[in-house]
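So the chains spell out like this:
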Amino acid sequence: MRKLISALCVLSSLSFGSMIGMEALGEEQVMGGTASAAGRGFAGNAKTGDAEGLSVVNPARLAFDTKVVFNLNFLLEMDAASNHGSNYIANNISMPSFNLSFPMGDFGAMGVSLWQHYASSMDEEYENEKASQTAQIVYQGSVYEIVPSYAIRLPFFRSMSLGGSAHFVMGNTSRSLKLDGNTDDLDEGDVWGAGEYTLTDYVEGTWEIKDHPAYYTMALQYRGRMVSYFFSFTTGYTLSNDLEYDFRFSEMDTLANNVYTREIDIPAMLATGINYRLNKRHNIMLDLQWRAWDKDVENLGGSWNMAKVTETQSDFMMSLGYQCDGSPLFYDPYWKRINYRVGAWYKNWYVKDVFEAGGSIGGGFPLGRKGTTLDVALQGGMRFADVDSEWDETFFAIRIGLTGIGNWGQSRR
Amino acid sequence: MNFINTAVNICKFQTFYIYIRNFTELNSEFRVKKRKSILLGGLLAGLALVLTSCLFESDENGVDSWLSDHGMPSSYKVQVVNVEGIKVSSVEAFLDTTAKAADSRAVFGAYSNLRHDMVLDFGFSPASSFYKNFTDSDSAGAFLQLFWDRGLYTSKEYPKDSLPISEDVNVTFSWKLDNLSNKKALDSLIEISDANWRKSLEWEDVASADTTISISVSAKDTSIRLPFPSALVDSLKLINKGAIHLQLRLSAPEAKHVFRFLGDNTYYPPLLTVYSDSSDIYADTSKFVAPTPFRMAGVAKSLEDCSECAVLHGGVYDSLVVELPPEPILKALSDFYGDEFPYTEGNGNDVRQSVLFAQLAMARDDSKGNNELGLPIQVVVGSFVDSANTTVRRMENYRIDNATILEKGHQNLVFHDGDSLTFQLTYGLKDFVNKASDGRGVRFIMRLGYPFLQEMDTTYATHLTKDGDTSYVFLSHFDYARYDFSSSLEQPVSLKLWLASKRGDEE
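These protein sequence lines map, in sequence, to chains A and B. If you use this note's numbering, the first sequence corresponds to residues 1 to 413, in order. If you use this note's numbering, the second sequence corresponds to residues 1 to 507, in order.
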């Protein structure tokens with residue numbers, strides 16, 4: 001267990017890949033970034049089953065689960081940004097979420113998720129004009145959420161369930177820009193006074209929600225024989241980022257910090273989705289989610305020639321997916337027991353004029369008789385940026401999810 | 001670049017695979033078969049990453065151009081801001097008259113409106129045979145032998161034409177004499193710490209006697225003898241048993257020099273000789289005692305008329321605390337950057353720029369000072385800066401300006417060519433610009449340091465010359481100088497700041 005925890009710490013300290021919106025919140029990891037949802041193009045929040053697990057968008061779904069599900073997700077992502085013939089490639093490994101859900105029969109179901117909702121990560125050294133000197137930029141930011149959830153099927157209307165979750169936000173962010181001096185503007189006789197310092201423009205801070213312990217999601221789910229759908233509402237909230245700015249000579253020799261809090265108003269989110277069961281095991285699903293951003297996001301560091309704010313737009317995501325459920329019978333041929341998934345999505349980022357389109361294929365490979373599954377999803381797509389400061393990105397990602405399914409607390413029938 | 005990315009991918013994948021494997025090992029449910037499927041999945045993933053990294057190519061300056069598109073700098077720009085015509089807002093002089101230990105060097109005399117007294121603490125326990133000889137004798141006497149500080153008087157830096165010094169000095173002996181019952185009581189004197197003893201040296205109503213002594217020092221002299229006045233010898237004669245505790249103070253307020261001797265913790269400590277037979281002092285051990293002091297102190301007393309004048313003395317820790325008003329500096333910064341100063345966002349600490357280096361220049365008139373040795377004297381400065389929510393005094397570093405030093409010499413000297421004094425206040429200005437929102441000014445102290453020996457030398461360190469001689473930066477003896485900065489500080493001073501700024505290029 002200790003090995004596992006240390007492995008998780010190592011992985012979660014690395015983060016994911018896009019370079020868009022680094023000064024704002026970073027890249028958003030939708031729907032907990034689970035490998036199973038990613039395999040079908042991030043659709044399928046309406047899909048119910050006996051071990052579908054926790055959904056941070058639709059907590060109500062949990063009520064229909066009958067098995068304990070533990071789920072751990074990894075993401076390997078590579079982004080290639082390009083603009084005017086220049087390319088820049090970054091790779092990352094991260095652990096976007098792990099989830100645990102625990103059905104309690106007539107008492108409903110509980111679950112908890114640890115979710116890296118937003119992240120920004122970069123560490124590059126580069127040469128300056130003089131070539132003999134180098135500069136270094138490091139971004140390291142994560143907005144984590146701990147999401148306890150509860151869902152219960154309604155009395156009398158047993159095909160409907162209500163669910164709610166609270167999102168407790170934490171995490172930290174930092175930007176470190178290490179620079180050498182440029183004395184070109186000085187008179188020759190004044191150069192001696194400049195010294196040869198390497199200065200670091202450094203800012204770091206922590207995340208929390210302003211004035212509230214958490215923000216909340218409420219959801220209603222309907223499960224029919226063929227059609228299931230859900231509707232969820234997530235409250236808006238203000239993220240408060242307490243920042244300490246510095247301009248330092250070394251970690252020991254610093255200026256007195258400027259302490260400043262930036263506030264980011266995150267709008268309420270509406271989400272809905274439908275799952276249609278074509279045949280016994282064939283599912284088609286469509287999910288939508290929408291947030292109307294009305295305020296720009298104040299940037300982390302600003303200064304130099306960087307923009308002070310990141311402009312926003314209404315963020316919107318539509319995803320379409322297909323899943324062929326594998327056979328639950330362990331004596332069936334292995335290929336029949338695999339879940340096959342395919343999907344595609346289109347997404348407006350919260351960053352103005354940034355759009356993303358992607359597709360994915362995936363599979364859920366059962367391991368053993370007791371329902372342990374390895375989910376794998378391969379994804380690829382493009383992010384288009386119509387603003388000068390952001391570059392277009394092509395991304396490719398592999399997501400791997402380990403899911404353990406158990407029958408704890410369930411009596412044999 | 002492409003190759004590196006591929007290698008990185010492979011490494012990352014391998015690390016990841018190890019975690020997967022560890023995870024699977026922990027789960028006893030897994031069988032070899034499942035491991036195969038994990039391996040297969042992992043291989044697929046790794047292969048896919050390797051292939052894709054081959055497809056994309058990060059070009060040489062891809063990062064640079066990405067960063068410049070985002071307005072990120074590749075270096076910080078250093079700019080110079082001059083602030084002229086700053087009127088000093090306050091000057092406070094702190095005259096240092098605390099008693100100092102004189103273990104290695106001891107002085108008495110007077111110079112530059114300061115009187116320097118020497119205090120010696122003797123404790124000795126003569127044999128009863130001595131008491132008998134001493135109290136009965138008509139030719140009994142005592143003298144104090146002081147050894148010249150030859151390290152200075154014979155040093156090649158000491159002005160040759162200053163020696164010999166010959167002066168008839170009226171020396172006042174004051175003393176406290178105690179007869180202790182026994183040697184044990186004498187030993188208990190040591191329990192009074194030196195620091196506490198030095199605090200007790202403000203004597204009132206003690207026995208004293210004046211005597212005129214002809215003092216002469218030449219390069220060949222090693223010591224002088226100061227005969228005790230008869231009143232002190234008579235007092236000593238009243239003691240005929242037990243131990244003697246004598247605290248002796250020498251002062252010469254009318255002297256024209258400060259005479260420098262070796263202290264008690266040297267090879268040649270002062271020697272008190274009390275004898276019973278003046279014709280043959282050291283004839284017999286029962287006829288004299290010759291103790292050395294077990295501690296010594298120097299006490300300075302100001303003879304200045306004006307206690308508020310901006311006067312500094314050398315050889316003591318006098319200091320001037322000078323304050324510059326914030327307004328002209330903030331206005332100059334505001335004019336230069338076009339931003340508001342002081343900064344008030346957040347908690348008001350200004351980190352938009354940082355002072356890399358700062359110099360303050362003021363007018364200088366050496367006719368307002370006098371010194372003994374004729375050497376330039378360095379002005380030492382320190383700034384009052386914040387540290388862990390309290391204010392501390394931080395002595396400033398000294399950065400070498402090669403071009404100016406080779407041309408005109410070090411600029412932080414008085415008694416030196418030129419009419420200006422320039423010193424460095426980097427810590428002070430860095431703190432001030434950072435924290436100006438609380439309305440503070442720039443506060444710093446000035447002191448006279450050691451005489452300076454290498455006016456035109458840029459090494460600023462003791463070093464060996466080509467001829468194999470040792471070249472010292474400072475003379476390691478203070479000059480008992482005096483310098484009146486009043487007129488310099490009445491005139492406006494100027495500041496020159498080297499700043500690194502986080503601001504971008506002007507549009």
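In short, the hints are calculated from the structure, not lab data. Be aware that a few hints might be false.
Label-pair restraints from in silico Cβ distances [as the list claims (entries may be wrong)]:
| id | chain 1 | residue 1 | chain 2 | residue 2 | range |
| --- | --- | --- | --- | --- | --- |
| 1 | A | Thr-235 | B | Glu-327 | 48 to 56 angstroms |
| 2 | B | Ile-213 | A | Ser-250 | 53 to 61 angstroms |
| 3 | A | Ser-250 | B | Asp-417 | 35 to 43 angstroms |
Looking from chain A toward chain B, a few residues come up when the C-beta cut is under 7 angstroms (computed) [said to hold, decoys possible]:
| id | residue |
| --- | --- |
| 4 | Asn-87 |
| 5 | Ala-135 |
| 6 | Gly-181 |
| 7 | Asp-185 |
| 8 | Asp-190 |
| 9 | Thr-206 |
| 10 | Tyr-229 |
| 11 | Phe-231 |
| 12 | Glu-244 |
| 13 | Tyr-245 |
| 14 | Leu-255 |
| 15 | Val-259 |
| 16 | Glu-263 |
| 17 | Ser-303 |
| 18 | Met-306 |
Even for Gly, the Cβ is constructed at its ideal location relative to N, Cα and C.
Does Thr-206/A pass the interface hint, meaning its C-beta sits closer than 7 angstroms to a C-beta of chain B?
15 angstroms, violated
Chain B contact restraint on Asn-87/A - CB to CB distance below 7 angstroms
Asn-87/A check passes; min Cβ-Cβ to chain B is 5 angstroms, inside 7 angstroms.
Return the status of the interface hint for Gly-181/A: holds when the least beta-carbon distance to chain B is below 7 angstroms, violated otherwise.
Since chain B brings a Cβ to about 5 angstroms from Gly-181/A, closer than 7 angstroms, the hint holds.
Against chain B, run the beta carbon of Met-306/A and see if the smallest gap drops under 7 angstroms.
Holds. Min distance 4 angstroms.
Under the criterion of a CB-CB separation shorter than 7 angstroms, is Asp-185/A in contact with chain B as hinted?
6 angstroms, holds
Would the hint on Asp-190/A stand, with a C-beta cut-off of 7 angstroms toward chain B?
5 angstroms, holds
Is it true that the C-beta distance of Thr-235/A to Glu-327/B lies inside 48 to 56 angstroms, as the hint says?
Taking Cβ atoms as reference, Thr-235/A and Glu-327/B lie about 49 angstroms apart, which means the hint holds.
Just to be careful: measuring from the Cβ of Tyr-245/A to every Cβ in chain B, is the smallest value less than 7 angstroms?
With a minimum Cβ separation of about 5 angstroms from chain B (threshold 7 angstroms), the hint on Tyr-245/A holds.
Could you see if the CB distance from Ser-250/A to Asp-417/B stays within 35 to 43 angstroms?
Once the Cβ atoms are compared, 38 angstroms apart, the range 35 to 43 angstroms for Asp-417/B and Ser-250/A holds.
Take the C-beta atom of Ile-213/B and the C-beta atom of Ser-250/A, compute their distance, and say whether it sits inside 53 to 61 angstroms.
59 angstroms, holds
Is the shortest C-beta separation between Glu-244/A and chain B less than 7 angstroms?
9 angstroms, violated
Close enough to count: is the Cβ of Leu-255/A nearer than 7 angstroms to one in chain B?
5 angstroms, holds
The structure does not agree with the numbered hints 9, 10, 11, 12 and 16 stated previously, though it agrees with the rest.
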